[in-house]
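Asks: The residues making up each chain are set out below.
Number of protein chains: 2
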Amino acid sequence: MQAKESILNKVITVGRQFGSGGRELGRRLADYLQIAYYDKEIVEEIAKRTQLSEEYIHNVVEHHPYPLLPITIGRSFNPMGNPMFQITQSVYAEQTRIIKEMAETSDCVIVGRCADYILRDIKPWRLFVYADLDARIRRCYARAPEGEHLTDKEMKQKILSVDKGRQKYYEFYTGNKWGDMTNYDFCINTSNLIIKDAIPHIAHLFD
Amino acid sequence: MQAKESILNKVITVGRQFGSGGRELGRRLADYLQIAYYDKEIVEEIAKRTQLSEEYIHNVVEHHPYPLLPITIGRSFNPMGNPMFQITQSVYAEQTRIIKEMAETSDCVIVGRCADYILRDIKPWRLFVYADLDARIRRCYARAPEGEHLTDKEMKQKILSVDKGRQKYYEFYTGNKWGDMTNYDFCINTSNLIIKDAIPHIAHLFD
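Protein chains in written order, with the working numbering: chain A, -6 to 200; chain B, -6 to 200.
Calculated directly from the structure, the hints in this document are not laboratory data. Each hint should be verified, as a subset may be incorrect.
One copy or two, it doesn't matter: identical chains are merged, so the pair holds either way.
[Stated by the list, open to error] Taking lysine-lysine pairs in the DSS-like style, the calculated list, with each CA pair at most 30 angstroms apart, reads: (1) K149 to K116; (2) K149 to K33; (3) K93 to K161; (4) K189 to K157; (5) K33 to K93; (6) K170 to K149; (7) K170 to K151; (8) K189 to K3; (9) K146 to K116; (10) K170 to K146; (11) K157 to K170; (12) K189 to K116.
Using the sequences and the hints, build the whole thing.
Replies: Rendered as structure tokens:
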């Protein structure tokens, strides 16, 4: 559909709770709509431009905005003077440039990485994908890498820990509350959905 | 679309922030899907069955779960012995029966009144409709009854006060947090939507 203020391209950003299937939903939606899909491609592009390793960038953009800062106390702490902080800031600046370029180039789905905020001037459709914790635990088990044997408690901790990182990262760079529905146009609960089957229905929102 | 666990009828419940256009969205969705729409009809039916006035019931079901209780203190307060409390409880019991009957009879859209919770066993599609406060203020002005001249501040207070009532009522009877996305399948932000134009797109979710 058209938003009140029309946009040039059809750009869909997807925020998501860990284990909710947001990435699958984003990828399938892009396939169905036959538009570009950006997720790990963003990290690859940052790596190319900054000469940092993809693994390092993944840690920076997916987790904590200042993951490698030393523990310091009170007034003696000045992040601006810290070289690690400067790197994370320049990674974010590069990410901002890349995401804007991607959105200007063609219709696309962009997963995570504060894209909803970075692109706010062009008013993308902003999705947030979430699910009950039980559903997310089941989903994570079904997709666990071979050899990973977590208990329910450990899996729950892993899920909440990844979300905590996303939340901190998002809130640090946007000043908005991560997962607060007011920052999104549509929030989709996947607990009772088979994502593959749901896509043709969800895609109509963006006709 | 089908939920994982299929349901007998297509039942859609609509929770909504005041001024978000949730009622309009629900009514238009029912029209578009050619299914029944229940909103004030529920109050009318309760009135018929309980012999209470519609206005009184509206106050009970839309606002506070115990609006007419006297102010009492600490241990001396026993709501069960209070006749007004008993009336509000019996209104809720009647409402529960009516909503279940409606959902069993035919496909329908039901707006408000804890229907998502009351019908949880048949797993309805649960919508929550919301919008930015600014958008809600604009909407309320556009629909204000003739002769109502509220300032922005007064309109904001009115909106927040109605929502507070809905929240208290919902939380009292369901034990769930009103407007918490985990209790809904889809949350729709109407701030940037023209509801009339959005309906054919939203309706596809329930094909």
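Asks: Look at each hint and say if it fits the structure.
Replies: For each hint, the structure was consulted:
Only between protomers do K149 and K116 lie at most 30 angstroms apart by alpha-carbon distance; the minimum there is 25 angstroms, versus 34 angstroms within a single protomer. In this homomeric assembly, K149 and K33 come within 30 angstroms of each other (Cα to Cα) only inside a single copy, at 24 angstroms, whereas the closest approach across copies is 43 angstroms. For a Cα distance limit of 30 angstroms, the shortest separation of K93 from K161 inside one copy, 22 angstroms, qualifies, whereas the shortest one across copies, 43 angstroms, does not. Taking the shortest Cα distances, K189 and K157 sit within 30 angstroms of each other inside one copy (27 angstroms), while across copies they are farther apart (38 angstroms).
With identical chains, the CA atoms of K33 and K93 are at most 30 angstroms apart within one copy only, with a shortest distance of 16 angstroms there and 47 angstroms across copies. Taking identical chains as interchangeable, the C-alpha atoms of K170 and K149 lie at most 30 angstroms apart whether they share a chain (22 angstroms) or sit on different chains (22 angstroms). For a Cα distance limit of 30 angstroms, the shortest separation of K170 from K151 qualifies both inside one copy, at 21 angstroms, and across copies, at 25 angstroms. Proximity of K189 to K3 under the C-alpha cut-off of 30 angstroms is found in both arrangements, the shortest distances being 21 angstroms within a copy and 21 angstroms between copies.
Within a single copy, K146 and K116 get their C-alpha atoms only as close as 39 angstroms, which misses the 30 angstroms cut-off; across copies the closest is 28 angstroms, which meets it. In this assembly of identical chains, K170 and K146 lie within 30 angstroms of each other by CA distance both inside one copy and across copies; the values are 26 angstroms within and 25 angstroms between. For the identical chains of this complex, K157 and K170 are neighbours both inside a copy (12 angstroms) and across copies (21 angstroms), given an alpha-carbon limit of 30 angstroms. Taking the shortest alpha-carbon separations for K189 and K116, both the intra-copy value of 27 angstroms and the inter-copy value of 20 angstroms come in at or below 30 angstroms.
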